[in-house]
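Participant: Residue strings, one per chain:
Number of protein chains: 4
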Amino acid sequence: MTNKIDLVDLDSKLQQEPPQAILEQALSQNQNIALSFSGAEDVVLVDMASKISADIQVFCLDTGRLHRETYEYLEKVRQHYDLTLEILFPEAEAVSKLVSEKGLFSFYNDNHQECCGVRKVGPLRKKLLQLDAWVTGQRRDQSPGTRAAIPVVQLDRSFARPGATLLKYNPLANWSSQQVWGYIRSHNVPYNPLHDRGFASIGCAPCTKSIGPGQHEREGRWWWEEATKKECGLHATNIDK
Amino acid sequence: MTNKIDLVDLDSKLQQEPPQAILEQALSQNQNIALSFSGAEDVVLVDMASKISADIQVFCLDTGRLHRETYEYLEKVRQHYDLTLEILFPEAEAVSKLVSEKGLFSFYNDNHQECCGVRKVGPLRKKLLQLDAWVTGQRRDQSPGTRAAIPVVQLDRSFARPGATLLKYNPLANWSSQQVWGYIRSHNVPYNPLHDRGFASIGCAPCTKSIGPGQHEREGRWWWEEATKKECGLHATNIDK
Amino acid sequence: MTNKIDLVDLDSKLQQEPPQAILEQALSQNQNIALSFSGAEDVVLVDMASKISADIQVFCLDTGRLHRETYEYLEKVRQHYDLTLEILFPEAEAVSKLVSEKGLFSFYNDNHQECCGVRKVGPLRKKLLQLDAWVTGQRRDQSPGTRAAIPVVQLDRSFARPGATLLKYNPLANWSSQQVWGYIRSHNVPYNPLHDRGFASIGCAPCTKSIGPGQHEREGRWWWEEATKKECGLHATNIDK
Amino acid sequence: MTNKIDLVDLDSKLQQEPPQAILEQALSQNQNIALSFSGAEDVVLVDMASKISADIQVFCLDTGRLHRETYEYLEKVRQHYDLTLEILFPEAEAVSKLVSEKGLFSFYNDNHQECCGVRKVGPLRKKLLQLDAWVTGQRRDQSPGTRAAIPVVQLDRSFARPGATLLKYNPLANWSSQQVWGYIRSHNVPYNPLHDRGFASIGCAPCTKSIGPGQHEREGRWWWEEATKKECGLHATNIDK
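Protein chains in written order, with the working numbering: chain A, 1 to 241; chain B, 1 to 241; chain C, 1 to 241; chain D, 1 to 241.
Calculated directly from the structure, the hints in this document are not laboratory data. A couple of the hints might just be wrong.
Said to hold, decoys possible - Distance condition first, Cα-Cα at most 27 Å in a straight line; then the derived DSSO-like pairs of lysine-lysine:
| no. | chain 1 | residue 1 | chain 2 | residue 2 |
| --- | --- | --- | --- | --- |
| 1 | C | K209 | C | K102 |
| 2 | B | K209 | D | K76 |
| 3 | B | K76 | C | K13 |
| 4 | B | K126 | C | K51 |
| 5 | C | K76 | C | K51 |
| 6 | A | K76 | D | K209 |
| 7 | C | K76 | C | K102 |
| 8 | C | K97 | B | K127 |
| 9 | C | K97 | C | K76 |
| 10 | D | K209 | A | K126 |
| 11 | C | K209 | B | K126 |
| 12 | A | K76 | B | K209 |
| 13 | C | K229 | B | K97 |
| 14 | B | K97 | B | K51 |
| 15 | A | K229 | A | K76 |
| 16 | D | K76 | D | K97 |
| 17 | C | K97 | B | K76 |
| 18 | D | K76 | A | K76 |
| 19 | B | K209 | C | K209 |
| 20 | C | K97 | C | K51 |
| 21 | C | K76 | D | K76 |
| 22 | B | K13 | B | K76 |
| 23 | B | K97 | C | K209 |
| 24 | A | K97 | D | K76 |
| 25 | A | K97 | D | K97 |
| 26 | A | K127 | D | K102 |
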């Protein structure tokens with residue numbers, strides 16, 4: 001499946017499929033595949049995956065700055081699905097250096113790339129070196145600036161091992177927020193309680209805020225920066241383009 | 001304008017008009033007219049009215065159980081628009097009797113009509129006896145159950161003086177939530193901070209809660225009751241029909 | 001007992017007694033007596049009284065501006081002790097006039113006497129006209145400025161009916177905060193959850209704040225005013241002196 | 001000063017001294033000495049030290065689970081005193097292993113030693129290997145169970161380099177909470193806002209809670225465990241004894 005032409009074909013085929021079918025194919029066609037769970041509404045993928053197989057790899061990134069509600073929620077999901085949830089943590093030295101030199105809120109001055117680099121991208125990179133494929137909850141409707149064109153399946157060149165191929169599946173690419181929440185409510189999927197307090201998107205506590213009626217969900221993330229830069233680096237390919 | 005046929009004509013004419021034009025007509029054609037302000041996004045009417053005349057009557061209902069944020073917000077609006085904001089308060093005896101007999105949260109058991117009757121409808125009735133017309137922020141998109149058909153102007157038979165006519169204007173009837181919030185943001189209208197914490201609709205503190213993504217705004221009001229009963233009695237005509 | 005000399009004697013006798021004994025005497029020697037409950041740690045009196053008689057009169061003042069936690073707590077106490085809790089409410093016209101003219105937070109500018117007058121003193125006065133005696137939770141250690149000398153029993157000249165006598169009992173006068181909380185914890189008395197969030201004294205929401213370590217409890221009330229004025233008027237005699 | 005008899009002498013001499021004098025001696029007599037700052041009321045040591053020298057070593061332990069208020073406060077202190085605040089962080093692998101295997105709240109089941117070991121003791125141990133002496137904010141009145149006998153200066157055998165000596169100074173050992181807060185208020189020292197919300201002691205968010213009137217400050221820490229175990233391991237010598 002590493003062939004680029006095949007991948008375009010596969011993508012246009014999967015574009016027609018519902019998330020469950022995409023996920024099923026992804027899980028069956030890749031041995032070393034894991035689901036990235038952010039602690040937000042991408043829990044629908046955890047729910048869908050748990051109905052496909054009892055034995056899925058799921059990981060999440062604990063940046064050391066998540067909301068207390070998110071820590072409680074991650075634990076809830078772990079127990080609800082009887083999941084082996086791998087929780088990645090940033091390197092001591094890198095965090096210590098950054099915050100000892102620039103303080104605990106440097107992202108408000110600098111921009112968030114450095115802090116995301118240390119707390120998210122670093123640990124993710126290390127994890128992805130062990131994988132052939134990963135699954136994310138990215139959706140086109142999340143960000144007009146950076147996610148309008150994400151495919152259902154793509155080559156992830158940013159995080160692939162040298163000489164190897166890393167596939168990235170976005171089974172929710174074509175789902176709207178409406179559909180995601182329809183699924184959550186009709187399947188009684190446990191969700192992060194911050195969503196009921198005005199949080200649309202959920203990331204680190206200092207870099208996420210609740211939004212008001214008529215605001216786009218991405219306005220609650222890194223609100224001091226421009227819309228076209230609002231990616232943390234996990235989805236670097238979105239910006240490269 | 002008390003003629004029913006004329007009113008239907010007037011309504012179908014006003015249906016084509018933007019809220020500002022409706023409000024302008026309402027204010028110019030009725031001497032004894034007041035704007036009812038709830039402390040929520042109907043602040044757009046206060047903003048529009050303040051641009052038409054420096055001297056508008058605005059009243060609101062302090063039920064004695066509003067959110068602290070709403071009290072602060074009412075004060076903010078009063079000062080921002082240099083408004084004479086008449087704040088109505090429920091009758092001591094009626095409140096005291098209800099809560100001494102049934103406790104402070106009887107509405108969760110009984111239903112909210114009795115408490116709304118004492119805290120909202122009573123004070124409103126007294127006020128409307130002094131008026132020829134009133135203006136509300138009702139919108140069709142607020143409630144599929146009870147507000148789908150509200151006209152722009154109507155006879156208010158529930159609250160009219162005996163033998164007299166009371167007109168009720170709903171200038172926002174045809175506006176969507178989207179349009180209301182577009183106005184608020186583009187005109188920098190001060191809004192209730194609860195809106196940024198997941199509150200779509202705002203009423204009394206024990207009877208309003210924040211809602212999550214994909215929920216209808218009315219799901220945050222009297223959530224233990226059926227959708228078709230979700231009116232407090234201020235807009236009794238919506239339910240009569 | 002209306003004789004002044006007798007009262008001084010009675011007071012010095014009661015000074016030696018524990019709160020329970022004082023309360024027992026007060027309840028047995030006055031037919032028309034009621035307990036004033038503020039929704040704070042004076043709940044110990046409700047607990048003590050409920051062990052003396054199943055049929056005590058208890059009232060509290062709902063000013064229309066209490067904390068949500070206090071409303072919930074009042075209801076909890078009502079149910080826990082199966083109490084007839086009379087909840088007094090301020091006069092509609094007086095509140096409406098004050099807040100329509102001066103706004104909802106005039107006390108921060110004016111001082112709190114006018115608002116307390118309308119929301120607390122007025123309703124209390126009306127209630128006390130029906131009584132021969134009332135019981136309060138005042139303690140000497142609450143306020144160096146105004147409560148250092150409160151007796152256990154006293155004539156209440158501020159609120160007595162013309163030509164009649166009103167007795168005021170303060171059974172906790174000599175108890176320390178320590179003793180009150182010792183009682184609450186050892187008897188599992190339900191208490192206002194605000195006490196666990198730094199609130200020592202509890203009154204209206206806009207006029208009460210939590211305090212830090214080493215602050216006196218009265219520093220959390222009407223903090224923009226001088227210590228010697230920190231009475232709402234319920235205990236006017238404290239200031240007259 | 002490594003002689004044990006000399007140390008007992010030094011301790012009994014320092015017992016008579018005020019914190020500032022103890023701190024001054026500690027800083028002048030040890031070249032490689034650092035102050036451990038917890039983000040709570042031990043800020044008085046930071047304030048005192050800043051008045052002795054512009055160039056003090058201060059470190060704190062970011063466990064990855066502090067309150068948002070504490071992160072903001074650490075930053076505030078850093079800026080207020082123009083401090084080089086070294087922020088230590090736990091090892092990625094150790095945290096990841098613990099929480100991936102046992103979940104994010106294992107301390108509620110197991111006890112807090114394992115989590116404190118990974119998040120606090122490990123990083124501290126690494127830091128103390130570089131030092132000859134450290135300064136802490138421990139006080140005798142903090143914990144009847146574990147801190148009643150802490151000296152002003154002691155040998156820290158738990159964290160010393162092999163073959164070397166590590167001194168531990170507790171300049172506040174004999175100060176009461178009252179004195180600490182007296183200092184904070186009279187010197188306008190910035191303090192953690194959690195202290196105004198009922199928090200006496202402050203540690204990790206899931207393991208600290210606010211306390212009510214009449215509770216001892218240590219009741220807000222690891223409240224599901226016995227009083228004699230309430231040390232995180234930083235002060236292991238307190239328990240050894």
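Participant: Now tell me if each hint is right for this structure.
Facilitator: Hint by hint, here is what the structure shows:
no., hint, verdict
1, K209(C) with K102(C), "23 Å, holds"
2, K209(B) with K76(D), "34 Å, violated"
3, K76(B) with K13(C), "54 Å, violated"
4, K126(B) with K51(C), "45 Å, violated"
5, K76(C) with K51(C), "18 Å, holds"
6, K76(A) with K209(D), "21 Å, holds"
7, K76(C) with K102(C), "34 Å, violated"
8, K97(C) with K127(B), "14 Å, holds"
9, K97(C) with K76(C), "33 Å, violated"
10, K209(D) with K126(A), "36 Å, violated"
11, K209(C) with K126(B), "36 Å, violated"
12, K76(A) with K209(B), "23 Å, holds"
13, K229(C) with K97(B), "33 Å, violated"
14, K97(B) with K51(B), "43 Å, violated"
15, K229(A) with K76(A), "32 Å, violated"
16, K76(D) with K97(D), "33 Å, violated"
17, K97(C) with K76(B), "18 Å, holds"
18, K76(D) with K76(A), "34 Å, violated"
19, K209(B) with K209(C), "24 Å, holds"
20, K97(C) with K51(C), "43 Å, violated"
21, K76(C) with K76(D), "41 Å, violated"
22, K13(B) with K76(B), "35 Å, violated"
23, K97(B) with K209(C), "30 Å, violated"
24, K97(A) with K76(D), "18 Å, holds"
25, K97(A) with K97(D), "23 Å, holds"
26, K127(A) with K102(D), "20 Å, holds"
Going through the hint list in order, the structure does not satisfy hints 2, 3, 4, 7, 9, 10, 11, 13, 14, 15, 16, 18, 20, 21, 22 and 23.
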